[in-house]
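Novice: Here are the chains, one letter per residue:
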Amino acid sequence: MINGPSRRFRDPHPVLPRKRGEGTPPFKSFSSGLTYTFPRMRVDRRLLALIAVVAVIALFIDGFAYVYRLATNQPLTGAIRGVPTLSIPFLGFEQQIYVHKGLDLQGGTHLELEITNVRSGITDTAARDIAVSIIERRVNSSGYAESVVRPEGKNRIIVELPGVNLEQAKQILGKTSYLTIWKWEPGTPDAATLQQLNPKDAQKHPGYKPVYTNIDGSMITNASRSTDPNTNQPDVSISFNSKGSDLFCAFTRDRVTHPQGDPQNMLAIFIDKDLVEDANVIQEICGGSGVITGGFTAASAQALAIQLNSGALPGTVSLASATEVGATLGATTVKLSLLAGAFGLTIVILFMLLYYRLPGVVASLALLLYAAITLAIFKFFGITLTLAGLTGFILSVGMAVDANVLIFERVKEELRAGRTLGAAMEAGVHRAWPAIRDSNISTLITCSVLYFFGAPLIKGFAITLAIGVTVSMFSAVVTTQQFLQIVAGLRPARRLAFYGVRAPKAA
Amino acid sequence: MDIVGRRNWYFLLSLAIILPGIISMALFGFRLGIDFAGGDQYNLAFTQPVQATAVQKEMDTFNVEATVQQAGSNGVLITTKPLSSAQETTIRADLAKKFPLDPPRSSYAQVGPTIARELVVGAGGLIAIASILIVIYLSIRFNYKFAICAILALLHDVFVLTGIYSILGKVLNLPLGEINTLFVTAALTVIGFSVHDTIVIFDRIRENLRQASRLTFEQNVNLSIIQSLARSVNTSMTVVFVLVALFLISPQNIKGFTLALLIGIVSGTYSSIFNASPLLVVWRRLDPR
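Those protein sequences? They're chains A and B, same order as listed. Going by the working numbering, the first sequence opens with residue 117, and the numbers climb by one from there. Going by the working numbering, the second sequence opens with residue 2, and the numbers climb by one from there.
Some hints could be false.
To be verified - With a straight-line Cα cutoff of 27 Å, these simulated DSS-like cross-link-like pairs (lysine-lysine) come out:
| # | chain 1 | residue 1 | chain 2 | residue 2 |
| --- | --- | --- | --- | --- |
| 1 | A | LYS325 | A | LYS389 |
| 2 | B | LYS99 | A | LYS286 |
| 3 | A | LYS286 | B | LYS82 |
| 4 | A | LYS575 | A | LYS270 |
| 5 | B | LYS82 | B | LYS146 |
| 6 | A | LYS320 | A | LYS270 |
| 7 | A | LYS325 | A | LYS359 |
| 8 | A | LYS451 | B | LYS256 |
| 9 | A | LYS286 | B | LYS98 |
| 10 | A | LYS575 | B | LYS256 |
| 11 | B | LYS98 | B | LYS58 |
| 12 | B | LYS98 | B | LYS82 |
| 13 | B | LYS171 | B | LYS58 |
| 14 | A | LYS316 | A | LYS389 |
| 15 | B | LYS146 | B | LYS171 |
Quick caveat, the hints were computed from the structure, so don't treat them as lab data.
Please model the entire structure based on the sequences and the hints provided.
Specialist: Put into structure tokens, the structure is as follows:
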């Protein structure tokens with residue numbers, strides 16, 4: 117009988133008094149795919165090999181920074197140069213492997229922009245995409261590494277600028293990119309022009325200077341990629357408002373009088389200071405719309421169309437939300453989280469060792485492997501870790517421990533009921549499984565709701581928790597179980613005292 | 002131990018915690034963070050101690066409905082109504098001139114009114130959707146009575162958490178009791194944990210019920226709770242240890258988050274042991290089919 121804690125009810129049915137072949141086995145299957153017939157499971161070489169392979173891959177990815185340092189002849193300590201990239205050329209595999217830290221952990225500015233008053237004749241999403249490319253251009257030309265500009269929802273844009281404070285961010289985004297059209301005239305550019313335009317671009321044609329035509333981006337009503345019906349080549353259609361149309365008509369009429377190839381025949385499009393297009397004028401373009409042809413690929417035509425549109429943003433871009441995190445604050449948060457994680461892991465391991473003895477050692481090993489696998493997944497798939505994400509991870513450690521606790525409590529019961537070590541461990545895993553499965557699936561359900569409907573911050577939490585929970589199920593049912601079976605096979609490990617159980621009285 | 006037999010006392014204890022919370026929520030509502038209310042928030046760190054009152058006096062000159070709260074001796078938390086870009090720049094420049102600011106340790110957030118509205122709708126909806134899906138899953142795995150009792154325990158935890166936060170934020174007027182996106186994350190975690198805990202005990206009941214037994218349903222539930230007790234307490238203790246550590250060392254801006262997790266996990270453990278399973282017994286008595 118059970119020598120459990122004092123109870124009011126006597127348990128007339130010790131948990132596992134059934135013998136093999138007697139009645140229906142209480143738990144036939146783990147899941148649809150894995151059918152375990154009761155007490156047939158022993159150390160499984162294939163599963164052990166699987167654990168070993170997973171462990172080696174995980175440790176390789178976790179330690180990849182060192183491999184990368186060795187491969188690129190860098191010292192093993194100190195700051196790392198470049199981003200560790202793992203490439204396997206013959207498989208076409210190339211992936212940057214490092215922990216992507218969110219802005220709240222590395223410091224920087226996160227902005228959410230909203231586009232309103234969208235110009236007529238253009239959809240919200242198209243306006244959003246144009247604005248994304250304009251902003252991307254501004255951000256990139258400011259040279260900030262690892263910045264992100266991406267569309268969000270129908271009319272929002274998210275901009276993330278690591279290591280940039282809000283004032284700098286506003287300066288980067290606040291300067292309107294300005295499109296101007298110039299012509300080339302004989303002479304040399306004066307100081308004022310060189311100030312206004314990029315000197316290299318302004319001196320592109322020796323002996324000629326750019327002269328402003330008074331046509332700017334605000335006069336362009338639309339530009340789009342099109343196809344030349346005669347040659348089937350991609351080109352760019354452009355249309356002007358009435359003022360732009362008149363100016364463009366006069367300008368092109370004047371330009372076609374010069375022979376092709378002569379810079380004076382050319383139309384120079386500048387965005388801010390940079391020359392983006394220098395095209396020949398083939399005929400006068402009056403009536404408000406024209407086509408720029410010649411030498412485009414589909415992609416370059418598209419790019420030019422976007423740039424022409426970008427002379428003026430397609431609507432009003434306003435700041436919907438902004439978050440700025442100081443660099444030191446971010447680093448402090450990381451330090452604290454790591455400290456908490458290490459502290460938590462230590463407590464958990466100590467607790468497991470003291471309370472569950474030998475199985476506690478097994479669980480600690482399984483837990484370390486679990487942490488290594490999860491971290492490797494974060495690194496490999498480039499999952500951005502934020503504070504909420506880290507919390508999700510730490511919580512999943514708790515759930516991984518829980519799976520082990522569930523199993524060991526059952527093992528103890530089975531041992532008290534007088535089962536042999538191997539059988540008790542097996543039964544422990546089997547009997548704990550439905551609880552592990554159902555509780556973790558509920559957590560995964562919550563995670564998917566959060567992921568699909570939640571705000572970005574909540575998404576990060578959901579992803580790390582879901583990964584953690586999934587890995588923890590593998591860890592509990594495969595790793596812990598196999599390790600336990602190995603331990604059960606070792607002769608010195610057979611003393612029940614190692615399991616925190618007194619030997620059952622002879623029945 | 003007879004937990005099921007004393008169930009009414011445990012229900013009473015839960016009510017004693019939940020009722021003041023509900024009253025506070027009804028009368029005072031929540032202390033909404035800028036995520037929900039919209040507005041600007043400066044979390045400023047200084048190189049020397051600065052009094053919140055001094056900063057408050059300075060902020061009052063801008064007329065932006067600023068509230069300033071002390072956050073440690075070397076920091077303050079300033080919340081204002083939504084600022085224009087120009088206002089924001091002016092205020093920051095002014096504060097930098099008058100106080101020993103430490104920008105690398107500071108943070109700032111601004112949330113416009115449109116985004117705030119979306120988040121409010123989103124947070125409530127998420128809890129509802131997640132609950133419905135969990136009910137469906139548990140109805141398949143157990144039956145609908147188990148599923149509904151699990152959700153009642155879950156709601157218990159949500160009410161305990163939101164109630165305590167309403168009291169913290171509005172009655173005690175602590176910045177700790179602020180409802181923001183991180184709080185929603187904490188609440189969702191608690192939901193996951195609460196259901197997790199409840200399921201472990203339900204699984205035991207399911208298993209014990211399957212074995213032909215001379216025990217009554219009530220005895221069976223009590224036995225199952227006691228059989229799972231070691232596990233429930235052990236698991237929660239490890240998580241609580243980690244969270245207490247996190248709470249003590251976490252910076253001001255995430256203290257509220259760790260506290261919410263802590264309250265929620267404790268409540269979740271309590272509700273799965275003392276509420277969810279005894280509720281099954283109550284239901285069985287009312288409807289003995």
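Novice: All hints, please: hold or fail.
Specialist: Hint check results:
Of the supplied pair hints, the one linking LYS325/A and LYS389/A holds, its CA atoms being roughly 14 Å apart against a limit of 27 Å. Proposed proximity of LYS99/B and LYS286/A is supported: the alpha carbons are some 23 Å apart, at most 27 Å. Pair hint LYS286/A plus LYS82/B holds up; C-alpha atoms about 20 Å apart against a cutoff of 27 Å. The straight-line distance between the Cα atoms of LYS575/A and LYS270/A is roughly 18 Å, inside the 27 Å bound, and the hint therefore holds.
Distance restraint check for LYS82/B and LYS146/B: the Cα-Cα separation of roughly 47 Å exceeds the 27 Å cut-off, and the hinted pair is therefore not satisfied. As the CA atoms of LYS320/A and LYS270/A are separated by approximately 41 Å, the hinted pair breaks the 27 Å bound. Restraint check: the Cα-Cα separation between LYS325/A and LYS359/A comes to about 25 Å, which is no more than 27 Å; the hinted pair holds. Straight-line distance between C-alpha atoms of LYS451/A and LYS256/B comes to about 15 Å, which keeps the hinted pair within the 27 Å bound.
In summary, the hint linking LYS286/A to LYS98/B is supported, as the alpha carbons are separated by about 20 Å, within the 27 Å threshold. With a C-alpha separation of about 21 Å, the suggested pairing of LYS575/A with LYS256/B holds against the 27 Å cut-off. Using a Cα cut-off of 27 Å, the hinted pair LYS98/B and LYS58/B holds, with the two alpha carbons roughly 15 Å apart. The hinted pair formed by LYS98/B and LYS82/B meets the criterion: a straight-line CA distance of about 22 Å does not exceed 27 Å.
Restraint check for LYS171/B and LYS58/B: satisfied, since their Cα atoms lie roughly 23 Å apart, inside the 27 Å limit. Distance check on the hinted pair: LYS316/A and LYS389/A sit about 10 Å apart at the alpha-carbon level, within 27 Å; holds. A distance of roughly 36 Å separates the Cα atoms of LYS146/B and LYS171/B; the hinted pair therefore is violated under the 27 Å criterion.
Hint compliance for this structure: hints 5, 6 and 15 are not met, and every other hint is.
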